[in-house]
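J.: Top to bottom, those sequences are chains C and X. If you read the first sequence in UniProt numbering, its first letter stands for residue 1, the second for the next number, and so on. If you read the second sequence in UniProt numbering, its first letter stands for residue 1, the second for the next number, and so on.
In case anyone wonders, no lab produced these hints; they're calculated from the structure. Owing to the predicted nature of the structure, the values given are computational and were not obtained by experimental measurement. Where is the CB? At the ideal position from N, CA and C, for every residue including glycine. Among the hints, a few may not be true.
Unchecked claim - Footprint (simulated), chain C over chain X, 3 or more residues, beta carbon under 8 Å:
1) 203-215
2) 238-251
Stated by the list, open to error - Listed next, the in silico SDA-like pairs over lysine to any residue satisfying Cα-Cα at most 20 Å (straight line):
3) X:K187 <-> X:L116
4) X:K229 <-> C:R117
5) X:K336 <-> C:P466
6) X:K187 <-> X:T65
7) X:K336 <-> C:R126
8) C:K65 <-> X:R139
9) X:K53 <-> X:N303
10) X:K205 <-> C:G330
11) X:K205 <-> C:A147
12) X:K205 <-> C:R126
13) C:K65 <-> X:T65
14) C:K489 <-> C:P466
15) X:K205 <-> C:S118
16) X:K231 <-> X:M283
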Amino acid sequence: MHTTHTPEAVATAAIECHGIRMSFGGIPVLKGISLVLEPGTVTALAGENGAGKSTLMKIASGQYKPDEGTVEVRSEHLHAGDIQAAHRLGVAIVPQELASIPEMTVYENLFVGRELRSPVGLLNRRAMMRQAREFLKPFGLEIDPAARMGSLPVGIRQIIEIVKATSRGAKVLLLDEPTSAIAEQEVERLYSVVRSLRDQGVAMLFTTHKMEEIRAMADRVIVLRDGNLVEDKPLDQLSDDDIVEAMIGRELEDMFPEIGVPKDEVALTVQDLVIGHGTEPVSFSVRRGEILGLAGLVGAGRTELMESIFGMRHPAAGSVAVGGRKVALGNPAAAIASKIALVPEDRKGAGAVLSMSVLDNASLPRIKSFSNAGWINNRKRSGSIGDIMKSMNLKSRGLGQSMETLSGGNQQKVVFGRWLTGPVDVLLLDEPTRGVDVGARSEIYRIIVDLAEQGMAVVMASSDMPEILSLSHRALVMRGLTVAGELSKTELLESSAQDKIFRLASGLEASTKKETENNDD
Amino acid sequence: MTTDRSTMLEPSPGGTATKDPTRRFSWQWLQGFAVRHAMVVVMLFVVAFFLYKSARFGTLENMTTILIAAAPFALIALGQTLVILTGGIDLSVGSVIAASAMAAAYVAKASDGNLLLTVLVAVLVGLAAGAINGFVVSRMNVPPFIATLGMLTLASGVAYVIGGGAPINGLPANFGAIANTEVLGLKIPVLLMILAIVGLAIIMKRTSYGMRVYAVGGNRLAAEIAGVKSKRVLFSVYTISGVLAGVSGLMLASRVISGAPNLGQGYELDAIAAVVIGGASLMGGRGTIWGTAIGLLLIQTLNNGLDLLIVPSYWQDVIKGVLIVLAVAIDVWAAKRRTS
Ligand SMILES: Nc1ncnc2c1ncn2[C@@H]1O[C@H](COP(=O)(O)OP(=O)(O)OP(=O)(O)O)[C@@H](O)[C@H]1O
Ligand SMILES: [Mg+2]
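Next comes chain C alone, as it looks inside the complex (with noise of 0.2 Å):
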């Protein structure tokens, strides 16, 4: 942007790396890749799910120590494999996955490392406080700073784990994936945030799987594919469709599939089901082939209101039922006996046991139906979920890889894949695109529509607006733990929508409950 690109400039770059090269198990994920960052730019790294950008952020901030190469920071060696040294050298990150400490409290997050301390010596937790609340602000968070970090919805304490990068004074920052975990339209705060950190003069790297946000925040555009780099320009001198070939080596198709028609047949029944302290209760039905979508902000009682459905939470007051036959409240047990499958949107926490395999992983949920008398039948598990997985087009050393060694993207395949082992009627997905690259996420929308075509009920909660409007039959909005309002495929396709789905998740639209009444029986 404004970086001219005399010799000076490229001395004083933020960030040089050299030559990296790094591979897991004899297996090469970075092939050399050198790049540099200049002070007050931002750059997009993109690339498929796998393509080492996460590998390759480890090492720029000193976590991994590649197996050649070098990282320079203004100029100064980092010693490989030091978090401390990149410390000290302004180096932050903010990892795939949150590293906040639940908890603690948010100032104590983000005094860790450099507590303030009083003239004797102990913590100064008012100051701490005072001074929380000011890094705050900015960036327009009214939150009580001793609020406990896990209490807090999972797009703030991203925000947190931002800022607390920042009010280090970190001169060079790497963003792995930041808005993979923020509703829409929260995205605009962070977009604000990285416009004036540029403006600061800080170095930004950071990766996404949306072509909106590269084409919002970025300057310039790196890509890695199967461990090279294989472009790297000014944003204005890329399309999107450039970039997308460039990522996967080839052209993408449409995004979106065609759906297809619902059949008549009523399959998933939600009838009065209470999910907050005292909410709206909240009513509709899904048919056999149809696919609703959940819209709302962050914390709106998207996740907890399929939770309940699957029975990982006990609704105050309400039923459930699939088929006309009612399900049994508060018992994954009777909800997957039911046919319902719940694919969760924090895999870490939820969807995956990181220390297993993917094989295991992959069956779990149905570890009976591979079994004769309690022992595993190996041959059929592994076919069955080796034809699955590659249906999917996972990137694994094989079914025996450990989930927590996977990428991201691949995780996220894994634990919506290992649903499709057996008979569901009732199929729940949370968040199914985050962090997954548009190649596999255009795979996954054709998974989802083919899924229900077959004659599965798909509720689909997605803070990805596109996917809302393009894949949803019938779209809710939610909101304090409730159905703000309800969207038909004909509102969906008016250029009005997004306008309209905002206001309603965010209560500047009155509720459109009556409608969604009518639309029950």
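We have chain C already, so just place chain X with the ligands on it with the hints.
T.: Relative to the frame of chain C, chain X with the ligands by itself:
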């Protein structure tokens, strides 16, 4: 432990707030207190039960007995709290007590009552054991359970080696002075216990060191990214735990003026129980020094009260086991109520 994401988003309408804010002591206030301090309430019930059952329980003399019995045990429970806060565990403290007691007894006898040297050796034995634990856990990345299990066996072996397999008796009379001298009206072990509780409570709540211990236990990666030297923190908590065990061993040996190689056997389990009863999470990141203090007082009160009621010792174990699990179950239940 899962965190409840629905909390905080919705203020619970009605319900918890007291109707009349000026009337502080209401039924609802009491309920709220009971839920917030479940363990204090359990403690009150236990104390009330023993007061009712035994005339001697409530005497000043008996209270002093409880405190004196609690002291050596308190020191290791406090060290254990720090270790557990980082998400680790120290199984070796019981054996370190034995090793330091034997070493102290040996030196006292050999030096003919050189108290300074005796104290120094006891502390050094604890320090060495703790530092080795800390090194193995933080630098060699051996899981704490295994590292300290190894130390448990090693230190116990050392204790037997020192005495040639037998206790060390016939110690100079001044050896007993360490635990039996009164300062400010309190026996030294009790004084040390109080100092350790207050000191560590301040350190954990009011210093950056304390905050870093919580951070490492709460999310080690996050702490490291924030610039916390997590290896140092881990090393330090095991070292502190070791030193406190060393001092504890000295106190126990001095109290009976002899060293026995089986001293402190099984203490680590009571210490872990005290920490967990105090509300700490074995996953790390959650727990307090005050909680541990309540936990260890609860266990000691049970020991003492059941003794007074002349309950046979095997039955005491049965009752204690049940009560420990029950107490934690109540606390977990109350914690759930607290967050919703
Ligand atoms: N610790 C590890 N051990 C073994 N393999 C690993 C490890 N970390 C990463 N990998 C592998 O390295 C490759 C690159 O992973 P990385 O996380 O960098 O991808 P990414 O580009 O960030 O993907 P995503 O967009 O899904 O986050 C993947 O194939 C992954 O399985
Ligand atoms: Mg990644």
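J.: Hint by hint, where does the structure go against what was stated? Just the numbers, ascending.
T.: 2, 5, 7, 10 and 13
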